[in-house]
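4 protein chains.
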Amino acid sequence: MNYGSTKLRDEKVFKDPVHRYIHVRDLVIWDLIGTKEFQRLRRIRQLGTTYLVFHGAEHSRFNHSLGVYEIVRRIVDDIFQGRAHWNNDERLVTLCAALLHDLGHGPFSHAFENVFQLDHEQYTRQILLGDTEVNAVLQKVAPDFPNKVAQVIAKEYPDPRVISLISSQIDADRMDYLQRDAYYTGVSYGHFDMERILRVMRPRQDKVVIKQSGIHAVEDYIMSRYQMYVQVYFHPVSRSAEVILCNILQRAKHLYRQGYTFKQAPTPFIAFFLEQITLAEYIALDESILFTYFQLWQQEDDVILRDLSSRFVNRKLFHYVDFNPEERQADYERLQALFKQLGLDPTYYFVHDTTADLPYDFYRPGEENAREPIYVELKDGSLAELSEKSALVQAVTGREQRDHKVYFPKELLYESNNKISELILSILGVKTHRSK
Amino acid sequence: MNYGSTKLRDEKVFKDPVHRYIHVRDLVIWDLIGTKEFQRLRRIRQLGTTYLVFHGAEHSRFNHSLGVYEIVRRIVDDIFQGRAHWNNDERLVTLCAALLHDLGHGPFSHAFENVFQLDHEQYTRQILLGDTEVNAVLQKVAPDFPNKVAQVIAKEYPDPRVISLISSQIDADRMDYLQRDAYYTGVSYGHFDMERILRVMRPRQDKVVIKQSGIHAVEDYIMSRYQMYVQVYFHPVSRSAEVILCNILQRAKHLYRQGYTFKQAPTPFIAFFLEQITLAEYIALDESILFTYFQLWQQEDDVILRDLSSRFVNRKLFHYVDFNPEERQADYERLQALFKQLGLDPTYYFVHDTTADLPYDFYRPGEENAREPIYVELKDGSLAELSEKSALVQAVTGREQRDHKVYFPKELLYESNNKISELILSILGVKTHRSK
Amino acid sequence: MNYGSTKLRDEKVFKDPVHRYIHVRDLVIWDLIGTKEFQRLRRIRQLGTTYLVFHGAEHSRFNHSLGVYEIVRRIVDDIFQGRAHWNNDERLVTLCAALLHDLGHGPFSHAFENVFQLDHEQYTRQILLGDTEVNAVLQKVAPDFPNKVAQVIAKEYPDPRVISLISSQIDADRMDYLQRDAYYTGVSYGHFDMERILRVMRPRQDKVVIKQSGIHAVEDYIMSRYQMYVQVYFHPVSRSAEVILCNILQRAKHLYRQGYTFKQAPTPFIAFFLEQITLAEYIALDESILFTYFQLWQQEDDVILRDLSSRFVNRKLFHYVDFNPEERQADYERLQALFKQLGLDPTYYFVHDTTADLPYDFYRPGEENAREPIYVELKDGSLAELSEKSALVQAVTGREQRDHKVYFPKELLYESNNKISELILSILGVKTHRSK
Amino acid sequence: MNYGSTKLRDEKVFKDPVHRYIHVRDLVIWDLIGTKEFQRLRRIRQLGTTYLVFHGAEHSRFNHSLGVYEIVRRIVDDIFQGRAHWNNDERLVTLCAALLHDLGHGPFSHAFENVFQLDHEQYTRQILLGDTEVNAVLQKVAPDFPNKVAQVIAKEYPDPRVISLISSQIDADRMDYLQRDAYYTGVSYGHFDMERILRVMRPRQDKVVIKQSGIHAVEDYIMSRYQMYVQVYFHPVSRSAEVILCNILQRAKHLYRQGYTFKQAPTPFIAFFLEQITLAEYIALDESILFTYFQLWQQEDDVILRDLSSRFVNRKLFHYVDFNPEERQADYERLQALFKQLGLDPTYYFVHDTTADLPYDFYRPGEENAREPIYVELKDGSLAELSEKSALVQAVTGREQRDHKVYFPKELLYESNNKISELILSILGVKTHRSK
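Residue numbers (the UniProt record's numbering), protein chains in the order written: chain A, 1 to 436; chain B, 1 to 436; chain C, 1 to 436; chain D, 1 to 436.
Worth flagging that the hints you see were computed from the coordinates, not collected in a lab. Just to be clear, a hint being listed does not mean it is correct.
Copies of one chain are not kept apart here, so a pair can be met inside one copy or by any two copies together.
Pairs of lysine to aspartate or glutamate, DMTMM-like flavour, derived with a Cα cap of 25 Å [unchecked claim]:
#: 1; residue 1: K410; residue 2: D345
#: 2; residue 1: K36; residue 2: D322
#: 3; residue 1: K379; residue 2: D331
#: 4; residue 1: K389; residue 2: E326
All chains should be built: construct the whole structure from the sequences, respecting the hints.
The structure is reproduced here in C-alpha cells:
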C-alpha cells in the first residue's frame, strides 16, 4: 500500500472540548501533526489579544487546526463519500489543506502582518513548498502533492468544492472558530447546529450547496457569526491591546533603523525590521519570543518602547472613544498637535483604528468585493442564493458596520492635569472627573 | 469610607466559561487584579505540560485564580453572611487570599520546584509581603493586612475556617480546578453539583461543615477528583514531557556550574542555577522565557541540552513502560549500564518517575500524613467524619495508588538497532518490532 | 408575623434542568404549589401537540410555571431590591402572578379555546377569584390580594412594571419558555444569555428598561424567539395534529348537538358542547381525560369521529401542502367539491390553516396591534426604542411571516386511487407516485 | 430487494436532546415506530411517579426506546460492522429488539406489575408474537423474525452478544436511561463518556468486551448508575407516591371482588381485577386512563379509595420514616394495632416498603443471583473481570444497600391529635410538634 493511503493500525483520538473527539486514521495526517511546523502552532494564540478581555480565550491555533481538520473529515467521510459528483480522490488533499490552512500564521497575526507587511497565507504556502518537515511528509504522498495542497490554500485548486470546504462563506474554518472561540471565551453566542449543517451539505459538480431543509441552521450560523464579530472579535479593549502591540513593533523597527543600540540585541526581529525574511526566520518566531522581548524592553532606555512594552505586559491599556477622523478632520489635527504639546508622540499615543481594517467579511453577494454566495438547493433541485430565501440573512446582507475609535493613555493626561489635557478630553467628549 | 470597604461604582464582571460570570464589587479586588504580579499569572499555565496530551488545556493560572475568588465570594456573600458563628470581618481577607493563593507559582511549577528546590507557597508569601504592587494595594487596607493574607496562605491564620475555604479537602481551589481543568481538557469527569455543595456548607465555630443532605454531591466531587487525577493529572504522556523538562533544566544548571559557555547567556536562569534568587528575579521568570530559551538551546553545542530542548519544543517525547526500580533493583542497575554502553547518559535518558511525587493528597483522615477530614453535620446537629457516612468514600479512603514508570527515548534505541538495544527492550518487556 | 411575609424555616429547592434550582422561601408560594389547581398543571403539556414532532417535548405547564416564578424571583430579589423606583411591597404580588399566570390553561390549550370559544386568561382570573384552594391561600395574605393578582393577569394592575415582568415583549414567561422548550425539544435555538439580561434590567418609575450594555443579549433573545417560532412552534406536523384534534372536538360537539348516542356518554365534555361551563367543570378537564375519550371514540359508530380519534392516538396525521385559499379561491372551492365527491367531508378532511391564527406576536412597535416596545437605557440615561439601536432587530421588526397550508389525508386519496384523487393532487401540486 | 434490507430514500432523523439526533435508515424500523403499539409508549412515563419529586421527569418510554435503538445502531453500524467475529446478519434483529424492548410496559409499570402479578417482559413477547401491528411488520421480514426478536427479549437468542447489547450490566438500555433520566430530572449525576465506551466495545466470539483503555469510562458509568439509584430512582417521595398508587389499585380490586358498586364502572380494569387479561385489554391500558379513573374515584363512596385517589392526583403524599419491621417486629405489630384504633386500616395507611423490591441490580459477579460480569480485554488479549482491574468498582461490588421505610399519613394523625397519635409518633421517633 502506498503512503498516502496507509491507515494507522489503531485509530488515534484527541479529546477535544468542542467536537468531543478528533479522529485520525491516516498515517499522513498523524505524521503532519508531529512535524515541528505544526507543533509551532501551539505557541500562537488563536485570538491574539482577546484573552486580555475574555480571560478564557487562551487557546492556540493548534487547537483550532485540529478542529477544522475534524469537521472536513466528517464532511468528506460521513456526508460526501459515495455521493454522485464526489470523487473520493480529493479526500486526502482536502484533509491536509484543512489541517494545515493556518500554518503560516505568525505571532499575534494581524498586528504582525500590519507592521511588517506580511501575508500569512503566502507563508503557509512557503511552508508547504519549502524545506520543512511538513513538505517532507507531503512529498512522500507524491512529488506534486505539496503543490496541490498549496493550490487549495491559494484558492487555485481545480476543484472549487475542495477550496470552498476550507475557505468560503460557510466553511470548516469558520464553523470551527465560531464554536471554539465561543467555548473558550464562555460567551453564549457561537452556538449553532453544526451537525445539521453538515448533514445537509451536498456536493454538486462545481460547488457545495445546502439543502433547503437546513436553511434555518445556516441562518443561525450567520447570526452567531455576526454576534461573535460584534461582541468578541471587535471588542475595543482587545483592539486597544492590539494598537499598543503594533506600536511596540513599529517603535522597535523605527529605533533599529535609526541605529539605536538595544541593551539586548533584538536578534529574532532583525530580519523583520530589515524586511528581508527567510522562511526559517519566519518560522522561528512565536509568541513566547515576543513576550520575552516585551519584558526585556521594559528596561530599555527609549521611553516610548519602555512604556508601551510595560503597558502590554502588565495590561495597562489605552482608553478609547468613538471618533471618526474622516468626519472631524480639523479636530483630529488639532488633537494631534495638542498631544505633541503634552510631549506625547501622537504616532504612538493617539491612534485611530477602525474595525474594517480587520477581516470583517460579512455576507455581501454581488458587490465589488463580492464573495461567492451560499447556495441553497431547493426541493426541485434548483439553486437559490441564500438571502433570497431567508429574511433574516437578507436583513444583514451587505450591511457593513464600520466603527471608528481613537485610543490614547487617558491616565497620562490626568497626570499632566493641565489645561491642554482638559481641552483634549473636552474635544473628545470625555468627562473630566476621575472615576472608578 | 476607608479603602478596604470601598465598592466600585459599577460592579465589574468577567465572562468566565466555568462560572459564567465572575463578579467584582470591591475596589481592593479590582486593584489586585490590575497588579503586574497578578497579570503575570497569565503567562503560567494551570496544568503545565498537560496541554501536550489534552490540547485544550492551555489555560493559565490567572484564569483559575479568578475562579477560586468567585467561589469563595459566593460562599461568603451568599451562604455564610448573616449566619451564626460567621463574622463578616473575615470577608476581605478571605477574598484576597482566594484570589492570590497561586501568586508564587513559577513556570511549569512542579518541574521547576523539583529542580531548583523551591516552594511556591513560600514565594506567594514573599510577594504578599515584599516590595510589590500587590503588597502596596494590600497595605492600603491596613498595615498588617498583607501579613493576614500571608497567614492564610501559610495556614497560620487564627480563624481555621478562612484557611479551610482556600485549602482543605473540599476547598474552593479544588472545586475550581476540577471543573476548570475538565472544561478545558474536554473530559467528561470533573462535573459535580458545586451549587449544591456551596448551599450545604455551614460555618461552625471552628470549622466549615457539610450538611448531611449534601453528602451525595460531596461523594460525586470526590469521585470526580479521583478520576481527574488518574485520567488527566497523572497522564504518562504529560509526565514524559515533565521528565524531559526537568532534565533540560538540570542539564543547563549542570553545564553552567561546570563552566560551559552558552551561545546565548542564560541570564534569567543564572540566579536559579546558583540558588541565590531575589524576589524580582523569581517574578521575572515566566513560561515565555522558558520557551524562548528552549528554542535557543536547540542550537547549543552540548548534545544533550540540544536534544532535550528540541524534544520538548517539538513534542518528541520519551516512551514509557511500567517498571518499579525498588522491586527490580538488579535489572534497574543493569539497564543503567546498558544505556551508558549505548552512549546515552541514564541521568537524562532513562528516568524513573512515580506519581506519588506529585501532590496526590487523597482522603486519609487519621494517618501520619493526616489531613483534616471533611465533617458532615447530621440532622441532630452532631458531626461525623465523611467516610463513616459514605460507603463510596470509605472505599477510596486511604488507598494510595502509586505508579512507577521509566521513561526513555525508544526511537533512539531503534536507530542504534544493535544487540544492546534489543536486550534493553527485552528486559523492559517492550516488543521490539517497530509499529505505528 | 403575618402570613404574607412568613418564611419557610428551611428554604425548599426544586431541581430544575433549565434554571438548575428553583428556590422557595415564602410560605405563600409553597402553599400555592401544593394546591390542586396548581398540581393540575402537571396534566397539561406545555407545548400541546409538539411532542408528536419533537418527542422530547413532553413537559408540562407545571414545569414552566415554576420556571417563570424563579426568573421573576431572581429579578425582584437579586436585581430590583434596594434600587431607586422599586417598592418591595410589590414583591409578593409579582411572585404570585408569575407562578399562577398559566393556571387557566385547558388541555391542548389553543385547540380547545378555538373550538369552544374560551379564553384561558379569563379562566386564570376565575380560578384566582373563585371557590378554589388557590383563592383560599391568597385570601390568607389579605382579602383583596386575590384581586391584585388577577389584576396583573388582566394587565390592569396599577404598577405597569409588575405587569411587564409577567407579560411584555421581554418577560419572564417568554424567557422561561424559550429556554425550556429548547431544552426539552433538544433544538440548538433558544439559547441566550438570560443571566446577562436579568442583570441589565432596571426599574424606572413606569417601566422596566434594559441598560444599553445588554443590547446584544437582547438581540440574541429575539433571534432565539424568531427561530423557535419558525422551527418549533409552527412546525407543520404539529399543526397537522392540532387540525385533527380540533376536528375531533368539533365532530363530537356536532354529534352531541345532533342527538347522536355515544357508546360511552361524553360526560366531562357535555358542559363544553353546550357552552355552559362551570369553573369546577373547567378545572376537572385535563389531557388524561381527552386521551381516554379519544381511545374510547375509536370504537364509536360515527366513521369520522372514529377515524379522526384513531389518527390522533396512533399518530396517523394529515399530509400538508402550501396553499392559500385567498389567492386561489376557485381552486379551493373546486377542491372542496372534489373531496365531497370522494366521500370525504372537507370540513374534517380538507382543512386550511394559517400560522397567524396562533399567537405570533412579533416585535412591531407602533402598529395597529402595537405592543409596548422594549426600551433601552442609554449611557446618558435617556431611553431609546430597541430597534433604533439594533440593526438586527430592526430587520425583523414588523415582518409578519404568514404561512398558509391545507391539510388532508393523502393516503386515503391513494386508496381511492381514481381520477378524482389524481385531479386533487394535481391541483395541489403534489406528485402522484407513492414514495417513502 | 427484500423488505428487511430496504432503506428509506431519505434518512429520517428525530431531534433528541440526549443523543442529538436519532437516525433511521431502515424501512422496518420506520414502520415499527409508526405502529400503534409503539406509539402507545408515548402514554407511559419512563420514570413512573418520579415526576412528583423531580418535576422535569415527565418523559415517556417512547423517548427512551428511540434512544436505546440509536445507541445499538451506533454500536452495530459504527463499531462492530466489519470486525472479526461479528456477523452483520445479526444487525436487524438487534436493532428491532433494542427499539421494542420496553413494548410490554404497562402504566406505572412497577406498581402495576406488583398489584396484578404481571411481568412486562412477557407482555413484550406477547406483543411481538400476537395479533398486533408490530407483529405484522416483523412478519414481513421473515416468518420466524418476530420469534427471533422475542428470543432476544427472553434472553434465549443463540448469539449472546445480541442479548448483551440490550440487557447486561453495560447495555444500551442502561446507557440510555442513565443519561436521559439525568437530563430530564436535571441532576448532575448520570454523565459519563458514552462515546468512549462505545468506541472500546469489541465483539468476541461469545461476548462483548471492553478494551482496557476504556476502563475509566466504565468506572464513571458505574458510579453514575450508583448515584442515580440512590438519588433519583429510590427517592422516598417518589416511593411514597408509588405506595399510594399500589394501594389505590389494591383497594379498587378488593372492592370489585367484594361486589362493591362503582359510580362509574371500572371497565378497563375489570380484566385485571379478575386476573384474566387478553392482550388487547393489556395494550388498551395507559396512564391517561389511570389518571382519568383516579379523578373519577375521588367521587366514590368508599372512603379509602376516595382519599387515596385524591392524594395521588393532588400530590398529598404519605410521610415516611426509617423503620425495619424485621428488626422491630413487636413495635411493628403494636403500630399496626394503634393505626387500627385510630380507624386507619394499616393495609392502606401504614405501609412498609424496601428499595430491594425494586430492580436494584448492582454489580455482583459470582453470587447466587449472579450476573454476567463485565469483561475487560487486556492489552495482551486476555480477559479480566472488571472489578479485578478497578479499585473503585471493587469497592461497590456486591454491596447491597437495602433500605426500609414505613409510609403513613402524618397529617391525619395530627388531626386526630390524641394520645394514640402521640404514641405512634413516639414509637416511630418522629418529633410531634407541627412544623413547616
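Now for the hints, and whether the structure bears them out:
1. K410 - D345: within (14 Å within a copy, 58 Å between copies)
2. K36 - D322: The answer is neither: 43 Å in one copy and 29 Å across copies each exceed 25 Å.
3. K379 - D331: between (57 Å within a copy, 23 Å between copies)
4. K389 - E326: between (37 Å within a copy, 23 Å between copies)
Hint 2 alone, counting from the list given before, is not met by this structure.
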